[in-house]
Each structure stands twice: as C-alpha cells, then as structure tokens.
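Asks: Chains as they are written, first to last, in numbering that gives the first Met the number 0: chain A, 0 to 239; chain B, 0 to 256.
Calculated directly from the structure, the hints in this document are not laboratory data.
Each residue gets a CB set at the ideal place from its N, CA and C atoms; glycine is no exception.
Hints should not be assumed to be uniformly reliable.
[Claimed, not checked] Per label pair, the in silico range of CB-to-CB distance:
no., chain 1, residue 1, chain 2, residue 2, range
1, A, Ser35, B, Ala184, 36 to 42 Å
2, A, Ala118, B, Arg170, 23 to 29 Å
3, A, Ile51, B, Leu233, 50 to 56 Å
4, B, Val166, A, Ala118, 27 to 33 Å
The residues making up each chain are set out below.
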Amino acid sequence: MIDVKNLTKSFGDHLVLDDISEHINPGEKVVVIGPSGSGKSTFLRCLNLLEIPTKGTITFEGTDITDPKTDIDKVRQQMGMVFQHFNLFPNMTIRKNITLAPVRTKLMSQAEADDTATALLKRVGLEEKADAYPAQLSGGQKQRIAIVRALAMKPKVMLFDEPTSALDPEMVGEVLEVMKQLAEEGMTMVVVTHEMGFAREVGSRVLFMDGGKILEQNEPHAFFANPREPRTIEFLSKVL
Amino acid sequence: MDPLQAYETWKALMVSGEALAWWQEFYVKFYQAFLLENRWMQYLDGVATTLLATALALLMGVVLGVLVAVIRAAHDQQRPGRRKNPVLGLVNAVFKVYVTVIRGTPMMLQLLIWAFVVFKSRQYTMVGIFGLGINSGAYVSEIIRGGLMAVDGGQMEAGRSLGLNYVDTMRFIVVPQAFKAILPALGNEFIILLKDTSLLSVISGQELLYFAQAIGTRNYEQMFPLIGAACIYLVLVMIFTWLLGKLERRMRQSDRR
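From just these sequences and the hints, can you work out the full model?
Replies: This is the structure:
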C-alpha cells in the first residue's frame, strides 16, 4: 500500500532520516516507537508529504507521491492524519470542521457530509457537540473529533502523530479506545506513539527508530519479550 | 435682538477697538466661525469628503494590502528545497520596494509628490485619496502579513492533510483566523487613516480641515474653526471606535467556552 524506498530527509546539515526503506501492507497497524529526535514523526510526516523528502521515493497505491507532477491533494484525500495538538479549526463549529473537506473536495454534498458527520459523532459519543466550537471541548474530546474529521474523508490509511502525547492522563484512554475500534474494523494505521500498551495490544508490527534509522522491527509480543538490539533493550528498560 | 443683529452690532464694536465682555467676544467668534452665512454647512461638506476619502482610501488600502500580503506570504511559504517560482519572486521584490518606500517617507511629502510632480491634476481631492490609499496599502499589508504568519502552522497542515488545496485552506481556515487576530490593528489603522485625511488640506483637498482653515483665514481668527474641527474628528473617531468594539465582540463568538 505504501512503499518507502531509500527515504532520506535532512534539515540543513542535520540528517533526520537516514536511507529508510519500508513497506506498509493494507490492513496493517504499524506502531512506530523510539526516543525523541529519532525521526519517527518526520518519517510519518513524509508519508503524506507534509515534509518533503530530501532523497528517495514514496509510493502510495502505485502513485509516486514524491514526483512533483503528482497531485498531492488527491493523494492526501485518501490518507487521514491526526496530530499531537489536534489542530481543529477554532473558527468553525465541530460539524463544519468535519464537513469542510468532504464538501470542498466534492467527495460529498453538504447534506451527505452532514449525515456522515452525525453518524461519526455518534460513534465516538459526541453527537451533542456538533454545534459547539473547539474551544468548548476537552483535549480528549478534541482529539476524538480530529480522528472523526479525518475519517469523514473515507481514507484508506490513517496516520497518527503522537495522538495522546498532549492529553491529560485521564483522557488518554478515551482516545485509544476510538483508535482500537478503528483498528478492529480493519483500517490500515501508522501510529507514532509512546503508549507501549497500545503498541502491544493493537499493533501488528512495531518499528523501533533511533538516529534516523529503523533499528529493529518485529511482531509486538516478540518485540517486547525479546528485543535484540542493545539500543532497543536500553530504550525499553527505561519506558516499561 | 435677533442673533445676526447681535453679531453685527458686537462685531462692529470689536472692529472699532472697543472692549467687549468675554461672552460677547465669544459669541462673535463662535458666530462667525460656524453660523454666519451658514458656514456650518461647509464643515458638513468637509466631513462628507473626509468620510468619503477615508472609505475609498481604506478600500484601496485593504485591496492592495491583501494582495501584497498574500503574495508575500505565498512567496515566503514556498516549499523549501524546490525551485522557487520566478514570477512570484519578481512580484515579491516589487512589493517589498513598495512597502519600504511608502513606509520610509513622510505621508505629507508623498501627497505633495503625487499632486505636484506625478499627476499635476487639479483634482486634488481625488489625487489625495489615491495617495492615501497607496500609503495605507503598505501598512495594511504588513498588518495582514503579520496576521497570516501568526496563525499556527498546524492549521495549514491540518487543512492540507485533509486534501484541501492551498487556496481553500487559506480561504476557509487561515484567513478567517488571521482576520480576527488583526481586527484591532486594522481598526487602529482605520482610525489613523481617518485623521490622516486632514493631510489632504496641504494639496487643497477639500476636506474638513481645509474648510476650517479657509474660514479661519477669512475671519482672521483660527481658534474657533480649528477647535471645532478637532471636536468633529474626535466625535467621528469615538463613533468608529465604538463600532469596531461591537464588531470585535461579534467575532469572538467562537472563543466562548
């Protein structure tokens, strides 16, 4: 589904991603973990070209998205993204937040989009918030709305960039619950997170990144039970 | 005694050098500044021109300001690493010179140059409005550019990640937020503009101060017309400040918790 070849990214002289090649299959739930500054967020942000790779190619369903001639907007319409800081649009109601993109990209009529929004909001238990503004919501509610907003575009893959890192501990659970549901429905997911429990329970594959490389990867139970690389062992001993 | 008669009697006494009571002198000066020959209508004409000049210059300033700000922001936000758009680069350079020159020279001098060097036309009021609009555009563009830059980068990213294009993201997400943030600064610019229309008087633009000075010159008495004009400006500014406050409160709707 997503094929990454020799992906390199540097900011000026600072090399953030060092020649990464990776493949993500449909239906996979790939969890990316690693210390801060390891390049995991940058890796994720390259997948929908929020960061432009310095070198290498990324192919999504046969389309080379790093080719400047590719209509990146069309590709992004099929890739949902959820951010650490939610990034809801504060100038719009929740309903408008959700329906803006499907309507403007002509995916749905306003009426269809409104129905979709209502259905999705019901699913995350926030249907009564449709006419509220983002400032009136808690962090956990905002993040659930952000997930719903991405889902309204009916994406084929969902990218999560540390979705629970900015939340109060109390609110982490409600967001992870929504993500778990999504995983059970078969959504392809790439999740950058520090939630090891989530990685173990929901992930189908765990990638450990450090220094701009994927140092180690495995099926989650094996990964957490028998880490091979010394750096992985050191990292896990600190976080678990 | 009817008012005109009183004026004429006391004025004659004043001219002949006789001492008047302070209130008689006040009456004569007030009467000749505002009431004689319906002069108050000239002030009204002046106010009308002042408001028209403010509105036209503001319109021009905002259109020009948005254009300059959007081009300059788009130029600054081009993807790093890619080849820059040469047309955008050229237009950006031209706009940068425009902003530098306009902000770096006195407005009064700009008006004199427009009126006596560039246009050499007798339509001084229109030339003055044009000059004001050009001037205001430079300041407004910097205000708007600041507003666009101040919107959290995550907003643009969120919009683009949903598959919206650059123009739609700007139009529905970034610009409305920027507009709300800059409204106080824009209101301030508007009030400055309203007062700066008085500079049109140096190129014989027929606005409020022009008439006040003309009446003062005719009467050999400047205090009453000038103070009168000052009061009118003050009232106008207070009305607009109040209106802007109302608008700001309406824009804050989405902030309520």
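Asks: Each hint: holds or not?
Replies: We went through each hint and held it up to the structure:
no. : hint                            : verdict
1   : Ser35/A / Ala184/B: 36 to 42 Å  : holds (37 Å)
2   : Ala118/A / Arg170/B: 23 to 29 Å : holds (27 Å)
3   : Ile51/A / Leu233/B: 50 to 56 Å  : holds (55 Å)
4   : Val166/B / Ala118/A: 27 to 33 Å : holds (30 Å)
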